[in-house]
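Participant: Single-letter residue listing:
There are 2 protein chains.
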Amino acid sequence: MTHGKIQPWLVLALALTTLGGTAAVAREDDAMLGFSPAGASTQRGLEQRFDAQLDPADLRSWLKQMSSAPNQVGAPHDKANAEFMLAKFREWGWDAHIETFSVLYPTPKKVALELLGPKPYTAVLAEPAVAGDATSGIRDGTLPPYNVYGGDGDVSAPLVYANYGMPDDYKELARRGIDVRGKIVLTRYGGGWRGLKPKLAQQHGAVGCLIYSDPHEDGYAQGEAYPQGGWRPAQGVQRGSVADMQVYPGDPLTPGVGSTADAKRLALKDATSLLKIPVLPISYGDATPLLLSLTGPLAPDSWRGALPLTYHIGPGTAKVHMTVASDWGQKPVYDVIAVLRGSTAPDQWIVRGNHHDGWVFGAWDPLAGNVALMAEAKAIGTLVKQGWRPQRTLVYASWDGEEPGLIGSTEWAETHAAELQKKAVLYLNSDTNARGFLDAGGSHSLQHLVNQVADGVTDPETHVSVRERLRAHMLVDGYAKDAKPEAKAIAKLAAEGGDLPIQALGSGSDFSAFLEHLGIASLNLGFGGEDDDGGIYHSRYDSFDHYLRFGDPTFEYGVALAKIAGHVALRAADADVLPLRFGDFSQQLDRYVSELHKLVDSNRKATEQQHRLLDAHAFALDADPTRSVAPPARDSDMPAIDLAPLDRATQRLDQSVHAYQTAFDKLAAAGFDMPVAQRQQLNPLMAGMEQALTDPAGLPGRAWFKHMIYAPGMLTGYGVKTVPGVREAIEARRWDEARRYAVVTAAVIDRYRAQLDRLTAVLNRRP
Amino acid sequence: MTHGKIQPWLVLALALTTLGGTAAVAREDDAMLGFSPAGASTQRGLEQRFDAQLDPADLRSWLKQMSSAPNQVGAPHDKANAEFMLAKFREWGWDAHIETFSVLYPTPKKVALELLGPKPYTAVLAEPAVAGDATSGIRDGTLPPYNVYGGDGDVSAPLVYANYGMPDDYKELARRGIDVRGKIVLTRYGGGWRGLKPKLAQQHGAVGCLIYSDPHEDGYAQGEAYPQGGWRPAQGVQRGSVADMQVYPGDPLTPGVGSTADAKRLALKDATSLLKIPVLPISYGDATPLLLSLTGPLAPDSWRGALPLTYHIGPGTAKVHMTVASDWGQKPVYDVIAVLRGSTAPDQWIVRGNHHDGWVFGAWDPLAGNVALMAEAKAIGTLVKQGWRPQRTLVYASWDGEEPGLIGSTEWAETHAAELQKKAVLYLNSDTNARGFLDAGGSHSLQHLVNQVADGVTDPETHVSVRERLRAHMLVDGYAKDAKPEAKAIAKLAAEGGDLPIQALGSGSDFSAFLEHLGIASLNLGFGGEDDDGGIYHSRYDSFDHYLRFGDPTFEYGVALAKIAGHVALRAADADVLPLRFGDFSQQLDRYVSELHKLVDSNRKATEQQHRLLDAHAFALDADPTRSVAPPARDSDMPAIDLAPLDRATQRLDQSVHAYQTAFDKLAAAGFDMPVAQRQQLNPLMAGMEQALTDPAGLPGRAWFKHMIYAPGMLTGYGVKTVPGVREAIEARRWDEARRYAVVTAAVIDRYRAQLDRLTAVLNRRP
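Residue numbers (the working numbering), protein chains in the order written: chain W, 1 to 767; chain Z, 1 to 767.
Only true hints are included.
Below, simulated DSS-like cross-link-like pairs (lysine-lysine); rule was C-alpha separation at most 27 angstroms, straight line:
| no. | chain 1 | residue 1 | chain 2 | residue 2 |
| --- | --- | --- | --- | --- |
| 1 | Z | Lys-488 | W | Lys-481 |
| 2 | W | Lys-484 | Z | Lys-492 |
| 3 | W | Lys-171 | Z | Lys-492 |
| 4 | Z | Lys-481 | W | Lys-598 |
| 5 | W | Lys-481 | Z | Lys-171 |
| 6 | Z | Lys-492 | W | Lys-598 |
| 7 | W | Lys-492 | Z | Lys-605 |
| 8 | Z | Lys-484 | W | Lys-488 |
| 9 | W | Lys-484 | Z | Lys-481 |
| 10 | Z | Lys-598 | W | Lys-484 |
| 11 | W | Lys-171 | Z | Lys-481 |
| 12 | Z | Lys-605 | W | Lys-484 |
| 13 | W | Lys-488 | Z | Lys-598 |
| 14 | Z | Lys-598 | W | Lys-492 |
| 15 | Z | Lys-598 | W | Lys-481 |
| 16 | Z | Lys-110 | Z | Lys-269 |
| 17 | Z | Lys-492 | W | Lys-481 |
Hints were generated in silico from the structure; no laboratory data involved.
Kindly generate the complete structure, drawing on both the sequences and the hints.
Facilitator: Pasting the structure below:
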């Protein structure tokens with residue numbers, strides 16, 4: 001596939017675009033947040049000089065080299081990549097070093113899987129070389145497909161198919177009288193984070209767990225398989241971590257502290273983020289004979305994938321035998337840290353990171369994002385050589401060990417926690433990157449900054465601004481007949497013109513420790529949505545050749561990411577007043593609290609409806625007696641949940657925000673002209689705002705997660721839960737906990753408000 | 001599969017069931033509609049004696065015999081079945097005869113299909129015998145799978161995949177720059193009536209049309225294929241008519257009049273219900289090589305079926321060659337008509353019908369329903385022998401030629417139109433039947449009658465009343481997470497207790513001529529919803545052996561259908577006052593008019609949204625330049641649509657209904673004690689009410705369809721469109737027509753109201 005030619009209707013669009021009404025036309029006339037008019041003009045000049053340094057050829061050459069050999073944790077090329085970057089950062093004028101941690105990182109000694117019984121089958125568990133993919137035949141230094149941090153085991157047991165292996169799926173199993181105790185659970189990828197599948201299987205008594213990629217989500221149903229197209233071939237496998245990162249990420253043996261040489265480490269048996277049962281990721285090629293062996297109840301409609309067979313739940317008559325034996329040794333992770341000290345505010349840090357470890361060759365994940373970060377560092381280095389210095393300190397980091405559990409970033413953040421909480425202004429993350437639309441998530445106080453930056457960068461394919469292309473995407477997404485309510489809500493906001501909403505962050509990349517453990521305002525940025533990356537995610541086919549065909553053939557989106565992330569970093573580094581807008585956060589928080597009210601209402605209605613139907617025996621009477629599907633288990637009664645503490649706290653915050661914004665606007669109108677002492681008081685106070693949203697006791701059952709507004713869901717994994725203490729308690733019907741966390745969360749909102757009031761007081765203090 | 005055993009939780013349910021609140025507990029204390037208390041008691045006794053005559057063994061033996069050989073129109077066994085029934089009806093004491101019509105019925109002389117090009121493939125176009133199905137090997141007298149009333153043709157052309165081949169699918173093709181002119185269109189079953197697929201293909205310039213059964217809807221994705229399970233095997237084919245029955249059903253050469261020997265017939269070329277292009281139904285076995293040959297754009301997500309391949313739209317490099325050559329001769333259809341003359345009101349007819357022609361052996365469709373009708377006739381015969389006579393005349397009919405186009409019923413109804421419009425009180429239809437839930441559709445004035453009857457018949461599996469089991473089904477259907485708005489609305493009505501809603505009728509069985517052409521209040525009844533019939537519909541595997549495993553193994557649901565239909569017929573035959581309740585109709589009509597208002601509103605919003613997005617070039621900016629998907633064509637502006645005539649007419653009707661019901665209740669309280677003359681005036685007036693809803697000019701472009709409230713959708717086929725003149729005009733953006741039919745429909749509602757007022761006057765006339 002070539003990059004395609006521009007369509008005639010697109011050319012027209014370029015000339016005429018006025019998305020979202022007149023309010024949305026290029027907003028460069030908006031005052032640049034945190035800058036005086038003169039400062040903004042200077043900053044724009046700086047950004048133009050920065051942009052001029054970005055060369056797609058650099059990204060392509062770095063990507064090719066860094067993805068030329070296996071680069072998972074412990075692989076020689078992973079270390080070589082770190083050293084390569086170290087040399088580059090230094091060459092570009094940065095003060096760089098490698099910070100090494102020693103972490104638990106099991107690697108497989110033996111993995112095996114076979115179907116016993118009358119039609120025996122031995123699983124391939126390997127990805128063959130394919131034509132036209134130069135690295136696909138490299139075996140040296142690669143590991144067999146596996147799920148890191150699964151347990152060791154050698155078990156033979158009946159097999160049960162459990163769909164995505166999520167909580168609702170176990171409810172369906174129960175209704176069909178299927179118990180997974182003593183069995184091996186076969187799950188498919190999708191529906192929630194990978195690591196939850198074996199965790200829930202283990203909780204339900206299973207002795208092993210398999211996770212396969214069904215072609216419905218990830219294979220020929222989506223598009224031609226690799227190498228004909230970009231999608232997962234029959235023997236492609238999605239590797240990945242199954243550590244219980246919702247409890248704590250990072251080295252399983254050092255929760256909350258850095259895995260330095262002298263760190264106190266847990267015994268293996270005490271590491272609560274480790275699974276006990278063996279887990280294996282498998283291909284749909286290997287899953288097919290297993291699925292065909294199952295009898296028992298027909299799988300519910302929504303459980304059916306795209307394999308040409310009738311999906312049954314099982315068990316069948318044949319058992320499955322699986323073996324996982326690992327080397328549970330320590331391995332080194334190499335974080336590359338490059339620093340450019342700020343001239344006037346060196347103790348305010350802008351931290352920018354992307355990881356460099358992959359699962360095999362890692363061209364898409366993570367190197368496509370990592371080379372954008374490198375391009376930024378090179379361009380900034382040139383600016384420095386031209387005489388510029390940032391006002392604040394820039395810290396550019398290329399993390400190791402993200403794949404097994406956000407390890408490099410977490411251990412570094414834990415090691416430097418105190419200093420980061422004092423100095424870090426924001427953390428700016430990226431990961432994979434490809435053609436398409438800007439995907440921006442993060443702290444909502446950064447929403448306006450991201451919007452202003454995205455408004456000033458041109459989309460490579462359409463030549464409108466990145467923001468206006470994203471607006472078009474949001475509008476069209478919400479227009480589709482089968483659009484989900486969330487997509488419709490986003491489209492409604494996008495149609496208003498002005499700022500586009502950014503998503504709240506859950507987990508799945510290196511921002512977790514910064515945002516959710518330390519309370520540092522964070523952003524996660526990347527392009528995508530036009531690509532076929534689903535097909536090679538975490539497989540040996542995540543290669544330079546694949547990326548060149550299906551990712552970002554011209555590396556223009558790599559450059560676009562470097563511009564977006566670079567401009568954010570530069571504005572944060574040089575702004576008179578930090579480019580945060582707390583009103584965006586409070587407005588978004590109001591939406592979250594309103595969602596909680598709706599959740600309580602809909603939960604109550606659903607409970608009442610379920611009870612009515614159970615009391616009337618409707619499920620029993622509706623059931624086909626030839627297919628045993630019992631009524632659902634009765635949900636607990638739903639008492640009143642008092643959300644008034646949250647209502648009051650958010651109302652108070654809204655009032656404080658109003659006062660703050662008035663004061664801020666006055667200062668902005670004055671070109672941020674203020675005494676140095678005032679500025680020195682103002683900015684650190686602003687930088688610390690996000691930390692006010694943390695509670696030292698953390699979330700229920702997972703004290704590592706201290707942010708009370710954003711967290712990865714315990715039962716979604718990567719997916720965010722906002723106001724998680726309250727929301728997850730309601731969803732899990734833990735009523736006391738919901739009430740308790742309504743109070744706890746209201747308290748952090750009050751603390752945030754109090755700090756905002758202090759900020760307002762500083763702003764209003766005129767000489 | 002055996003019939004299964006009753007679950008313990010079900011036994012509990014039997015004892016305790018109180019669905020829908022106390023209001024819904026057995027409602028036999030409700031006054032039986034149209035009967036005095038004494039009359040009701042007598043009627044219950046009659047029904048018990050009727051029920052006692054129903055023997056599952058009869059149904060089984062008739063079904064086995066009648067499905068033992070091919071019985072499509074023109075087959076010797078189809079005639080033999082008619083003669084068998086004639087003998088039986090006479091044996092049971094009915095005045096029976098066979099009424100024969102001569103109709104156009106093409107049969108294939110040659111059908112062929114091949115893929116040309118580098119990977120040639122010749123389609124099988126035949127269904128092999130399967131183990132355990134005694135009739136599946138019979139070739140004698142069967143026809144190859146074909147679509148009756150498709151054109152003849154021998155064409156070679158490129159192939160394009162068009163999903164369901166419905167209007168929205170052509171919009172998607174257009175956005176991808178795919179033109180079907182001069183091409184053969186490959187469609188899959190589903191999404192709308194079969195006959196619309198070639199009709200729309202022809203309208204878009206295609207030279208041929210293929211229709212295949214994708215395993216996603218109809219094959220292994222739903223359950224194991226036959227004979228392992230009940231679902232469509234790889235070479236199973238769905239035959240069926242592709243006459244344009246939305247314009248007029250029946251013999252294509254005699255629209256509006258009976259195909260009697262001397263009827264004036266159209267020339268073949270003037271028959272507007274006939275297609276010009278050749279059409280073939282094919283299996284997924286035959287469709288696979290065709291789909292694999294396609295290149296071009298990737299099919300949109302919702303177009304993808306369950307075959308193990310990547311669905312493309314095409315065309316490919318290889319052409320397809322298809323041939324259809326038919327014998328366009330006349331064939332006889334044999335309607336069996338059995339009459340039991342009424343004792344006191346012989347000129348009021350209760351007409352009950354089911355067809356007897358199948359596509360091959362037709363065990364499910366139609367014989368499962370037909371043997372219930374026979375059981376009713378036998379039981380009624382016994383009642384007669386015991387000395388009972390109906391007050392009104394019963395006409396039991398077994399139609400021929402339903403499959404090609406509702407021919408037997410339509411030609412009979414057209415032949416006897418004047419007499420039927422004078423005498424027919426109601427038409428009561430059934431077709432296929434199997435285990436599950438009562439599916440009742442029809443005129444809403446019959447809703448209360450059906451509910452009362454369903455309340456008095458016990459469901460064979462759960463032993464609660466048929467009505468309460470249906471209520472449970474509606475409640476559970478509406479409870480599902482992904483329940484559609486219609487299912488939720490039905491569940492809401494069901495939860496109120498009392499009467500369950502019945503569905504409006506579109507088409508697809510023999511009620512069309514009675515209801516939609518003549519304006520006779522009609523019902524369509526059947527059980528189903530627990531079966532696997534999808535898999536063998538209109539194939540050679542629709543056999544006695546299949547039915548015995550997957551349909552109704554004990555024939556208890558055949559007996560249940562006979563009870564429901566029999567009780568309806570007997571109550572209609574013997575009621576003092578006809579068991580119609582016009583308030584149910586007016587209430588439902590209010591809902592339809594309210595739906596139209598919502599349709600106008602949502603259409604306006606969607607139009608405005610689409611225009612906003614087009615004006616902003618959102619589609620162009622959102623599009624992936626490597627995949628050519630143009631913006632949608634701009635919808636026409638939406639002017640104001642005046643629905644006030646409908647609002648006023650329904651409001652007036654509601655007032656009249658109130659007065660009528662008051663008068664009726666008074667008469668009911670008096671035990672329907674009235675002079676004979678009054679009764680003789682009352683009942684015919686009531687019977688004629690439904691005809692007031694017809695307009696002699698009929699619907700736009702299809703004058704045969706005269707009912708202004710119920711019609712099959714021009715673009716849905718079987719699916720109903722209520723208030724069709726207005727609704728379809730709005731959906732198709734024909735604004736003038738919408739306004740015009742708001743007035744036309746208001747006029748029939750006014751006529752209905754005027755007749756109701758006359759009825760009220762008769763009711764109020766006390767001696």
